[in-house]
Amino acid sequence: MLEMWLSGFQGLLHVDVFLFVILGMAIGLIFGAIPGLGGSTAIALLMPLTYSLEPFTALALAGGVMGSVPMGGSITSILLNTPGTAPNAATCLDGHPLAQQGKAGLAIGAAGSANAIGAIIGTISVLAVLPIANDVVLLFGPPEFFLMSVFALIVVATATRGKMLRGLVTGAFGLMIAYIGYNDIAGGERFTYNIEYLWDGIHLVPALIGLFAVAQMIHLMVKGGSVAGSASAVKITKMTAGLFETFKHLGTVLRGSLIGTTVGAIPGLGGTVVAFLSYSVTAQASKNPESFGKGNVQGVIAPEAAICAHDCSALIPTLTFGIPAGAEMAVFLGLLIIHGMQPGPLMLRDHQVEIYGLIWALTASCVFASFVGLAFVRVLAKITLIDSSILVPLVLSTAFAGSYAIDMSIENVVVTGVFGVLGYLMMRYDYPRLMIVVALVLGGNIERNLHQSMLMGEGGWSIFFSRSISIFLMLSIVAVLALPLFRALFRQLKLRAVPVGSDS
Amino acid sequence: MKRLFGTPLTDYLPALGLLVLTIIYLVTGYQYAPQARVFPVTVAWIAIVLIGLDVLSRTKTAAGAVVTRWLNPSAASHKADEQFPLRKQLIAVLWPLCFVALIVLIGFLYAVPIYVMASMYFRGRLNLLLCAVVSAAATLSIWLLFAQLLELELYPGVLFSEL
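Here the protein sequences line up with chains A and B, keeping their order.
The opening residue of the first sequence carries number 0 in numbering that gives the first Met the number 0; numbering runs sequentially from there.
The opening residue of the second sequence carries number 0 in numbering that gives the first Met the number 0; numbering runs sequentially from there.
Chain B on its own, in the form it takes in the complex:
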């Protein structure tokens, strides 16, 4: 793996990702009137300095060691789930995102049973009957609590809202 200042390049990614977002924010901030931008722009500049220090603390240099010792002694470059394959992590992230997309498209009353059943059946390899019972129970509970008790109109979905 390629290294920069003794640290694998991938270890810089989180800080660099934040830096890119902050720069976009800063550029947008300068388009507002002086009174409106003073606070966000100041915070963004402070963030850039802090991210710079974070990047420095990730390097295996003398300056990096000083920053780490004083400001970040117990921060790890990776922590949770490092031992699991990246593909597994990506799939785990995609499940809730697909669920959100499903809710937006077809609404809660269809998305919940489909998601619960699919998740239990394909991810958990559980018995189909159990999946059906749990997904029906989950949908019924949500409908009873939100639509009946709280009298909220559950989102019908983009596809069904015009009907």
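So here's chain A without its partners, still in its complex pose:
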């Protein structure tokens, strides 16, 4: 196997292949930064160009695109609160407050380095796990998928600390929205009110663009001025500050990467859940959780490390079972097929060099894209100084066009507008927006997998108690729910222990 790893790596060192990785990286950075486009559009666009390429080179090009999309997305998330891709929405939560404080350089630097380290950890994990991937993924069935989705939802809800109730309210509201559309369990549509577009449900990306980009632009219009306030507020004197911050928080990077790798390998959960889960767990574990959402650099590092690690591990279900972990992987499957590679257990045997080449290309692209981000941090941070009267119309034009481009549906534009107003009202009245995103992603999963689990268990709940991973996940859910109560209890006991009149 080591021989195959090295063959894959050596293949990348050929000048022509390497140039295609760089080309992919550049395209990925640009497409990642434009809301609504992302990696799936970029790969779909490049697919016809790969016909004449060798399979190895074509996969290297795709790896180049997939590796750099997260970095492109994080730049706009930090600077404009506009997530280029859905997973980058988690980066907005602390990245944009940092930009508003004039620390855009620090945030982009941290995102870039976290991306690079996350990719390296993800690659090492995937290389180690790939030979046994078939057996590991088969351990997960509908009961585990259901519990994993519930676990993710609860972890994120409990992490909106100080606002848990409002987090739960928006989570429930998000689930209600997620159940709009055709119901493939009972058949027939629900809550569509005879609107044909709603049969497919509310599309995630237009909703995200509205919730974050449009809402932020409305806020900027109300506030006036620029994102960062004044030129003197933009502190980018040390371009490497973000890099050092990442190394200062290596534990956060490791945790994010591990979450990205393990959860990313589970089909159906996707990068958005991974990013929010990593963010939430980091906030939970922090000694200073109140600082999250207000510009804590760990809130940038955690999701970014997880996203890149996830991109590597998402290859596991895609390659071994032909089950795409997301839209990007679905398009990538098409690329594999047109180059004569049939995803499945045999692919791991027959196309090892191509697979390892792809993984190396993806990692190299992640690392190079981070360097590009770091190199241009000074220029990019200037965007935060553009006056809102110029910035707002430009961002909104791109955001609405990107929303339309997802599937050329004008209704997407309307959804983006509606969610923009909803997002602004949520900002205005202090309801956390992250729960609505996670609920939108997981709502369908939860319903479908519970239904399948009940069928497996012949209508009984015993199925959840007869599988070891299910039991472990249920215990984890109980632990996560109990954690805030234990914390509150511990705080009260600590307060009682302090003598009356003491200053400490």
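No lab work stands behind these hints: they were computed from the structure.
Quantities reported herein were computed from a predicted structural model and do not represent experimental measurements.
Idealized CB from N, CA, C, for every residue including glycine.
It is possible that part of the hints are untrue.
[Claimed, not checked] Covered, in the sense of this in silico footprint (three residues per stretch, anywhere, with C-beta under 8 Å from a C-beta of chain A), are these stretches of chain B:
hint	region
1	45-54
2	149-157
[As the list claims (entries may be wrong)] In silico BS3-like pairs for lysine-lysine, Cα to Cα no more than 27 Å straight-line:
hint	chain 1	residue 1	chain 2	residue 2
3	A	LYS293	A	LYS222
4	B	LYS1	B	LYS87
5	A	LYS493	A	LYS381
6	B	LYS1	B	LYS59
7	B	LYS1	A	LYS293
8	B	LYS59	A	LYS222
Starting from the known structure of chain A, fit chain B onto it as the hints suggest.
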């Protein structure tokens, strides 16, 4: 300002708005077959309980204080933009909504330059030449990226789609 349980009536509006939407959802949900409605209806009932707690946490009562302390300690009744006049906020919300209406009516290639120019000129009070240059550049970029590079047919608008 009128108060209810020590809290201004307007502070209840967000939660009550959500409650109204949830009730409409719930009523609609009960029209579906039992298997189809079980999940959405359960979630809607949970939402009603949670919204009830949210309303309670907004009151200046002993029960409200308990709910706030345990579940909502740092949630504010108002946060962003509270200091700005409501009229300014309404106008800011209307700009993107008008842009959406414009896109639906006349399509991207006409709506983008009109919106960018109008927004920069009327909102930003910027130089007319600069507004024209930026709006032309924005439209050109969108056309090049979406219509030329991605080969997507940009939406022509309801008014022009039949022509």
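Taking the hints in turn, this is what the structure says about them:
With a cut-off of 8 Å between beta carbons, the region 45-54 of chain B has 6 residues touching chain A; three or more are needed, and the interface restraint holds. Coverage of the region 149-157 of chain B by chain A holds [criterion: at least 3 residues with CB-CB distance below 8 Å; count 5]. Simply put, LYS293/A and LYS222/A have alpha-carbon atoms about 17 Å apart, close enough for the 27 Å limit, and the pair holds. For the suggested pair LYS1/B and LYS87/B, the alpha carbons sit about 24 Å apart, so the restraint of at most 27 Å is met.
Using a Cα cut-off of 27 Å, the hinted pair LYS493/A and LYS381/A is violated, with the two alpha carbons roughly 47 Å apart. Using a Cα cut-off of 27 Å, the hinted pair LYS1/B and LYS59/B holds, with the two alpha carbons roughly 14 Å apart. For the proposed pair LYS1/B and LYS293/A, the alpha carbon gap of about 33 Å is over 27 Å, so the pair is violated. The hinted pair formed by LYS59/B and LYS222/A fails the criterion: a straight-line CA distance of about 31 Å is larger than 27 Å.
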